[in-house]
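Here is how the chains run, residue by residue.
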Amino acid sequence: MAYKQVSSRSGGALSWFLQRVTGIVLLFVMIGHYILMHYNIDSGHTYDAVLSRMQNPFYKGLQMTFVVLGIYHGVNGTWSVVRDFDLNKSVSWTIYALLVISGVVFGLVGITTLMSF
Amino acid sequence: MELTVRIQRYDPEKDSAPHFENYKLENVNKTDRILDLLNRIKWEIDGGLTYRRSCTHGICGSDAVKINGRNRLACSVLVQDLKISKSTIQIEPIPALPLEKDLLVDMSSFFEKYEIVKPYLIPKDAPPERERYQTNEDAELLFESAKCIQCGSCSTSCPSLWVNENYIGPAAFLKAYRFIFDTRDDATAERLDLIDTTDGLWRCHTIFNCVEACPKEIDITWHISQLKKAALRREI
Amino acid sequence: MIHKYDVVIVGAGGAGLQAAIEIPTESSCAVLTKVFPTRSHTGTAQGGVSAALGNEEEDSWEWHAFDTVKGGDYLGDQDAIETMCKDAIRAIIELEHMGMPFNRTPEGKIAQRMFGGHTANFGKKPVRRACYSADRTGHVMLQTLYEQCIKNDVTFFSEFHVMDLIIRDGVCRGLVAIEIKTGEIHIFHAKAVMFATGGYGRVFQITSNAMAGTGDGFEMAYRNGVPLEDMEFVQFHPTGLWKLGILVSEAARGEGGILRNKDGERFMERYAPSIKDLAPRDMVSRAIFTEIKEGRGIEAPDGSFYVGLDLTHLGKELIEEKLPEITGFAKTYLGVDANEEWIPVQPTTHYAMGGIPTTIDAEVIVDENNTTMPGFYAAGECACVSVHGANRLGTNSLLDILVFGRRGGKKIAKFIVNADYPELPDDASAWTHETIERIRNNDNNVKMIDVRSKMQKTMMDTCSVFRVENTMKEGLQKIKELQEKYLLVGIDDKSKGFNTDLLEVAELGSLLNTAETIITCAINRKESRGAHSRDDYPKRDDTDWLKHSLIFATTGSTPDIRYKPVIIKQFEPKERVY
Amino acid sequence: MSWIKTLLTYEKAPGAWSWGLHRITGLGLMFYLYLHIFALTALQEGPEAFNAEMELFKSPVFMLLEWALFGLVLFHSFNGFRIVLIDLAQGAKYHKKMLYWLTGISIALFAGMGYVIFSGVFH
Ligand SMILES: Cc1cc2nc3c(=O)[nH]c(=O)nc-3n(C[C@H](O)[C@H](O)[C@H](O)COP(=O)(O)OP(=O)(O)OC[C@H]3O[C@@H](n4cnc5c(N)ncnc54)[C@H](O)[C@@H]3O)c2cc1C
Ligand code: HEM
Ligand code: SF4
Ligand code: F3S
Ligand code: FES
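Protein chains in written order, with this note's numbering: chain A, 1 to 117; chain B, 1 to 236; chain C, 1 to 578; chain D, 1 to 123.
Check the hints yourself; a few may be wrong.
Said to hold, decoys possible - Calculated lysine-lysine pairs in the PhoX-like style (CA-CA distance at most 20 angstroms, straight line):
#1 C:LYS447 to C:LYS410
#2 C:LYS447 to C:LYS485
#3 C:LYS447 to B:LYS30
#4 B:LYS229 to D:LYS93
Claimed, not checked - A partial selection of chain D residues facing chain B, derived with a Cβ cut-off under 8 angstroms:
#5 THR6
#6 LEU7
#7 THR9
#8 TYR10
#9 GLU11
#10 ALA13
#11 ALA16
#12 TRP19
#13 GLY28
#14 PRO47
#15 PHE81
#16 ILE83
#17 ILE86
#18 ASP87
#19 LEU88
#20 LYS93
If you are wondering where the hints come from, they were derived from the structure by calculation, not from laboratory data. Quick reminder that beta carbons are idealized off the backbone N, C-alpha and C, glycines included.
Given the sequences, and given the hints that come with them, work out the whole structure.
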């Protein structure tokens, strides 16, 4: 089994770094999300409560960031799990495509929901 | 004391698959090396037992085996160092490399990876008349990585290698570090190119199995983190 | 399978690799080794490699040469010693250029430390001459040389066990090896063969040497009619870990460690008043045995005795920076924390001063007239140039392998240009086949381990630090009996691939024959010189014994011993006091 | 697939545990995020649909699930922070210590959250 070097430099460093950056940003967004959404005396989960909160642009921005970064981080993270395996090219491209498409779709869905207010 | 040593045996000329064999040893001292036990079994019970060894004190890197579930050097672990349940010690070959016979594996892919990181000094200028100067601090930055004895315990303990045999692995990274951070070397970019790859640095998820397994107690993950940062620095 | 290479080097320790680096890429060169190159024994060397760089204090190669001559009790050949000590400086600088990581002085030069027997101004005071990398000097040196071989794309045949030399009509034609992986026999047809097979420490029971140190090179040469020089000189290193024999480098004393007996006395003050603990190894080993014999040893739980190596005053920091490895060994194997307690030590078999006689260009000499054998070279511990005389100084062996490995490589490079391949005989691998067949077909009533441990014990009891005629003769008798028994040794493992069972028996053959030459030469030399210390002839005898002994195998039962004069240049033999 | 056996039988030190958990929690969160986004599309369908869905989440089963989710978030985010310190600072030297600390803090926060969720203090 002679070792063949098949891999290449294709943004490994960058996506690795962005995973860390988005992770740290998410850490703060997550704290904000938890405090604002669930454990604030004023918060509520009724339609009206959500509606009223959504009028606040800061709040909306936070949710938007969460959706975008969360999906990026999640997709990138899952892709990095997939890449750990020695899969053949077509399989890994298929998974890659599925991940990206799902990310875009869910991202759009999330954003539409947020924008509908 | 009395001890059972449970060893994975496999002779490709006879067996279709590896199996375990138990050996009862009497008069085992708690200060015996595991290698001493293997030797006793080979010399007194079954001469067919096959494994590598040479120096007997943890410096040649021949005898990395999996002892009680973890990679270690048989000559650097004493019976008293192990948590022994039911008076049994289990010995298997190190994982993830092709099995050859009993505890002996084919290390060639491990060494091929070592070779691809250009494991030799590449200076830009012709050498001076006398030695190149280097501060002791700069020299000592290399010492920990230079301790490596190429035993293979680290790379074969890494889950990233278990799932992908192309993973370059901690031992080769360490060798790359040894030169990239040598003030006398001028091939940093060239070497980073070879490990800043999808089968390279980015497959290390700081699992630390390598550090746990390293008999020379090298903080391999720390060294890898220095390499990751060096690779990142040229991107941003 | 028959391979054809201009040069075949056996052994990938320091000597073999250094030679391989010198072979130009136009010629084909193969390096065979029974263990993977970086697993060679050179990697265990700890303390340092000497060169009169003068980085720490004034030094000169003449002082180095004087120390080497005196350390070797005037048996070393002074032309060779001169060559080595002069070339030392270049050798170390070259290693540095190859990238070896050395410890450094505050100015950034290669740092140097003291070592036994190395002095300034012809014996006036200890000098810092040993270049080092913590206590892993040999390890990083072996790594560095191997790295250069990768750079030069040297061809390695790893895990090939060489069984026999092909010598016919006084010409070396190649060799026979077993590929360990497959068990197949390979013939290497070559213009030049170099042996760099290391030492034979495993002849003795307690040794610092690796299990691969079975003296194969010595024995193959001897069996094929090449004499062995000065085999009686076996170095016992004073500080092996008690019972295990694992080395505690002299660097421990170079950095200020002190040997103490059970009363806590620094006993070396009595034996070598001027340089004390840094006296040469033969003297310190004898001193330890004398202390123990006279009742001042420290008793171990099992009733054996040792002395203490005291590092407790050196401070944690120095120990961690300069002696991490050996204090680690003490901790791992004996549970001793060197910061708090003395390390229990006893002398351990360490180094072969004798070996295959060679010129200063590593050409093998076949008789007392310095006739060389075409196509056969040897360097490193298996060779005897002789630079170490009757006792090697610490750090001089790593130097020896660098200097003479390189000189040999260069000489071979010149030789092969005009040489033709000598003809290969039809029966080249006959001996190997017969030996393997014999071992395979013997029923396994006589066990390898019995023969080997008896041999090791015999050698330890009869031919170690202090020697006497009668016991040695008994020892020789025993060895001869064991050689007979050896022919009946069989194996359990009848498979072909990775048959380490078989190879261990083959190695036992080497050990036994090597043991025979050691003890025979030891009985023969009727004086005490360097490491060869006889109770019945306690004085050095320059009138009768200032000469090298050469032992030849004969068809009869007793080998032939002849002599070769010692080359004396500027240093006339004097009494050896420190 | 022999790696599965190796993975299961090889001795797991703290580093390996944290990696395994980080991976599982990361993938779990990813799955949950998609689910969450999907669930919230109900907001677009008007108040009835949304409020009906929200009623569902008040059942004890969902409260338990929410608590578990918080566990995932806690571990993954704290350990993610630890990984960043290992990779980009000198964290490799203290990685076990960090793990013990973050586990301790996580357990405390997790318990606190349990109280918060089940006592009905907040929403
Ligand atoms: C513990 C220890 C510490 C030491 N410390 C120092 C020190 O500090 N300073 C110093 O100067 N010296 C030191 N020495 C001595 C020095 O290390 C050795 O003498 C020297 O390294 C020998 O090198 P070599 O190249 O001759 O052989 P080795 O390094 O022993 O290599 C022998 C090679 O030959 C191969 N070989 C042997 N037999 C066969 C066969 N049958 N077929 C194929 N291949 C074969 C082996 O595989 C190996 O590659 C020390 C020695 C020991 C044991
Ligand atoms: C809250 C703060 C978060 C931090 C600090 C964080 C941090 C990290 C880091 C550093 C990694 C890289 C691990 C590695 O490469 O070894 C990672 C991986 C991952 N993260 Fe997060 N993350 C956070 C939140 C999330 C969220 C909300 C999701 C879900 C969408 C998520 C999903 C993932 C996935 C799937 C991985 C890949 C797992 C792996 O590589 O083993 N993370 N995270
Ligand atoms: S880094 Fe440690 S475990 Fe890995 S090969 Fe080197 S010595 Fe062995
Ligand atoms: S075990 Fe593997 S993932 Fe990295 S920290 Fe060690 S190389
Ligand atoms: S035998 Fe050399 S490392 Fe264990």
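Structure-based check of all given hints:
1. C:LYS447 to C:LYS410: violated (44 angstroms)
2. C:LYS447 to C:LYS485: Holds. LYS447 (chain C) to LYS485 (chain C) sits at ~9 angstroms (cutoff 20 angstroms).
3. C:LYS447 to B:LYS30: At roughly 27 angstroms apart (the allowed maximum being 20 angstroms), LYS30 (chain B) and LYS447 (chain C) break the hint.
4. B:LYS229 to D:LYS93: OK: LYS229 (chain B) and LYS93 (chain D) at ~16 angstroms, within 20 angstroms.
5. THR6: holds (5 angstroms)
6. LEU7: Given a least distance of 6 angstroms, the restraint on LEU7 (chain D) holds.
7. THR9: This hint holds: THR9 (chain D) lies near chain B, its Cβ roughly 6 angstroms from the closest one there, short of 8 angstroms.
8. TYR10: holds (6 angstroms)
9. GLU11: holds (4 angstroms)
10. ALA13: For ALA13 (chain D), the interface hint holds, since the closest Cβ of chain B sits about 5 angstroms away, which is under 8 angstroms.
11. ALA16: holds (5 angstroms)
12. TRP19: Hint holds; TRP19 (chain D) Cβ to chain B Cβ min 4 angstroms, cut 8 angstroms.
13. GLY28: It is violated, given that the least Cβ distance between GLY28 (chain D) and chain B is near 17 angstroms, above 8 angstroms.
14. PRO47: violated (45 angstroms)
15. PHE81: violated (13 angstroms)
16. ILE83: holds (6 angstroms)
17. ILE86: This hint holds: ILE86 (chain D) lies near chain B, its Cβ roughly 5 angstroms from the closest one there, short of 8 angstroms.
18. ASP87: For ASP87 (chain D), the interface hint holds, since the closest Cβ of chain B sits about 5 angstroms away, which is under 8 angstroms.
19. LEU88: This hint holds: LEU88 (chain D) lies near chain B, its Cβ roughly 7 angstroms from the closest one there, short of 8 angstroms.
20. LYS93: holds (6 angstroms)
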